[in-house]
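Asks: The lines below spell out each chain.
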Amino acid sequence: MEKSILISGTGGQGIVAAGEFLSEALFTAGYEVINIRSYGSEARGGSCRSEVLVSDSEIYDLSLGEVDILIVLSVPAFRRYQDRAKAGGFVLVDSEVIEKYDGEIREDIELVQVRAGEIALGLGNSIVANMVLLGALAKRSALIKLDNLKDAVRTRMRPSMQEINLRALDAGYARVRGAQTRVEMP
Amino acid sequence: MMPAKPLSYYRDKYIRNQPSAFCVGCGNGTILNCFTRAVDDLEIPPEKILCVSGIGCSAWIPSPNFNGDTLHTTHGRALAFATGAKAFNSDLTTVVFTGDGDGAGIGGNHLIHAARRNIDITTILVNNLSYAMTGGQIAPTTHRGERTVTSPYGNPENPFDMTRLAAAAGATYVARWTTWHVLELTRSIKEALQHPGFAFIEVLSQCPIQQRRMFGMQDPIHRLPNRILEMFEESTYIRKRPEPMGYRYAVPKEFPDKAFEKINEALRRYEASTRIVDHMELGRVVKIEAEEDEDVWGALANLEAVERISGPLEGKIELGLFVKEERPEFTDTLRRIIRDSGGR
Amino acid sequence: MLRPGRHLLLGNEACAEGAIRAGCRFFAGYPITPANEISHRMAAELPRVGGYFLQMEDEIASIAAVIGASWAGAKAMTATSGPGYSLMQENIGYAHMTETPCVVVNVQRSGPSTGQATLPSQQDIYQAKYGAHGDYEVLALSPWSVQEMFDLTLRAFNLAEKFRTPVMLMTDGLIGHIKEKIVIPEEVETTERRKPAGEACTPFGTDDPCLVPEMPRFGDGYKLLVTGSAHRPTGVRDYTPMYHQMKVNRIREKIMIAIDEVSDVVKTELDDAEVVVISFGASARPSYGAVKKARKDGIKAGLFRLRTLWPFPEKLVSDLVDDAKTVLVVEMNVGKLAKEVERVACGRSKVASVAKIGGVLPTVEEIYGSIRRFA
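Residue numbers (my numbering), protein chains in the order written: chain A, 15 to 200; chain B, 676 to 1019; chain C, 37 to 411.
Extracted from the complex, chain A is given alone in its bound form (with noise of 0.2 Å):
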């Protein structure tokens, strides 16, 4: 069994780095887990994004088709990565980005708001927003649980950004609205 995310938006926003505490957790969780980023000219101000692949066995492929899981942080991510989610697949965007979008926006798909930027400057600092969506995941997803991930923050992260990201994981956690989704463990 496996799992794709896909997480985007304009560099400068952490998405390398939600990528990174993301797979952290499911490799420490026990998975295999395979990370691809962009990077280089797109790392900061074009758009960017980190891709997740986790199994329960071994990976080989390294070409994402659609994935199942979509994080979006930004207008025109959203409107590069929309088609990249499965039908059914399971999108978690910070609102702004959907009251900003004046495009199209797909049915089949499971798409799931968190107001991330603005609950991340509340608490200080915008750049949390990645992990507000984080924490919003794991409350929605059985795909990662909320301490593993801040296990992740707390063995990776330098010690002064520490608190204001668990923070962030926290808020998130509590703030995203509904139940689980259908998008399982692996």
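There's no promise every hint is true.
Under the rule of at most 25 Å between Cα atoms (straight-line distance), these lysine-lysine pairs were calculated in the BS3-like manner [to be verified]:
#1 C:K303 - C:K351
#2 C:K231 - C:K303
#3 C:K303 - C:K375
#4 C:K217 - A:K164
#5 C:K386 - C:K351
#6 A:K100 - C:K329
#7 C:K351 - C:K165
#8 C:K259 - B:K723
#9 A:K17 - C:K386
#10 A:K17 - C:K329
In short, the hints are calculated from the structure, not lab data.
Got chain A sorted already, so can you dock chains B and C onto it with the hints?
Replies: Just chains B and C now, kept in the frame of chain A:
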């Protein structure tokens, strides 16, 4: 004063028993001599010396002649190779021999960066004003207007002043000499070897084969080395040293010999000595030595055969020590980083 | 350095970890995507084990410094990508001529020229073999996972020291930039270069049947003559035909007589395979997936994966084509390895090619489709 050692002493101790590959009258032998004397005076064991060179005539000064470790590398890259060796084993007294094509042309980038790092390497740049080994093409040091095989209508480019370039790039010891100035050069190499940082010495050197065309010298080849060396002396002055000023150069309109006659005639009534000399910037000119007397120079002012009278220092190359300062040395800093990060 | 055990690690970081465990104590490099993380990790880790990290002014200087450091006694490495690899070629040739052990990592990106700077490729495999002028044989390895970035970097150092030659680690921007599981062993086996024991030595000649001379280092009193010009066994520059022939033949033969020892291939489901997929590096990943899928559907497919690209394991490939109906070569270039396979196959079996450029990996579906077609 120490008794002079015979040439055989230096040859036996520092030179491999090879037939010399240098052309007759080349300046490279002089530079090798100055280098071995400097090494001997400082009592550095040759097996602790690493000589690195690139491609070109200068590269053959240490390789295969010098009887220590030698690394004869690719064109222009000697300093980069030397940087790796010196960084890994800072006990090696590391000397780079390069030329003006090798060090100012293809390897110019490595030169400025080695200077910027202030790595403890002594670099001797032999400047013969051309790519000599490949047939005398224009180099980044060739003077504007000079005719060579690749500038048959005159060099359209401007030359680098390598000494000032090295100084600007951050070298902490910079000097310039010529193969005429063997004592000064030897002393300077000693200072450079002892200097804890990037030391750069430019040596203007004769190449009787290629400079013959460049300087338009018609003499038979065996006379050229001396003539070029004398020209080096004539065309340079040593900075911070009082320079006798009681002479000028008359630049002839056409033939120097003709101008020489006319000048002698015009100066018959004055106390002045005259001779024809080679000057790198002015060409073949008449040198006139006289006490400062406006009448002398006035007598020449309207002479038909003379184009103009030049001042004593016009167009001359400045020699001597340009920079000597202390700044943190690169390999020292690397070792400190290792110590500070707990790696010994 | 990471502690032994299981880690989630970036491919490029695994390369650096492998290098340090191999005993690498000198790295010189120049920034280039997608190889940078190797430099970053080496810069952080080398000083902590007493090693030297230098950021040079360009890639030419980087490989030059590596060769200089190697002669000063260091196990040394540089890492780059396409454009930098092109710049390094002249000095890689110098390393061949002077028999200088060193490791050159090429995290291949899509070319020619700047190409697709952030996207992976396998387009430089001929450059690894033929990049410098003159005649020589090259050792080139190709990892397909983060684990192999570690393992094969270690092996690259061991081969470099054993054969006194530059070794190419031909990885790509995909393997370099994925994070996946790696298990770092408690201990690794390292090879140390053979140094002369006595006072005299011929650094460029040997009577030993392995054809690899002992290698002294600068400062040990051997008064070495190291030159890129043709030379006698002593190092003295000499252009006579005999010395050039001796030299060039020996540096080629020292690699070719060891081809069985050096060749490293991984065989999957090959015993009864009618369609044999040959691949390496990143493109071997979907190839493996496609073979698995084909087997599930009852198609007799197998995978022959090269971990040493050069010298090309001719004998092993030759044996393979005798038994296979079709050989399908999968790679991220216009079909370079396929030509090499065709040469060896000599018409004995059909050789087909899945060759993909554009900075994208061939998919399992594409490869599976080809397998079906030829089954």
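Asks: Please flag the earlier hints that this structure goes against, numbers listed from lowest up.
Replies: Going through the list in order, the structure violates hints 2 and 9 and respects the others.
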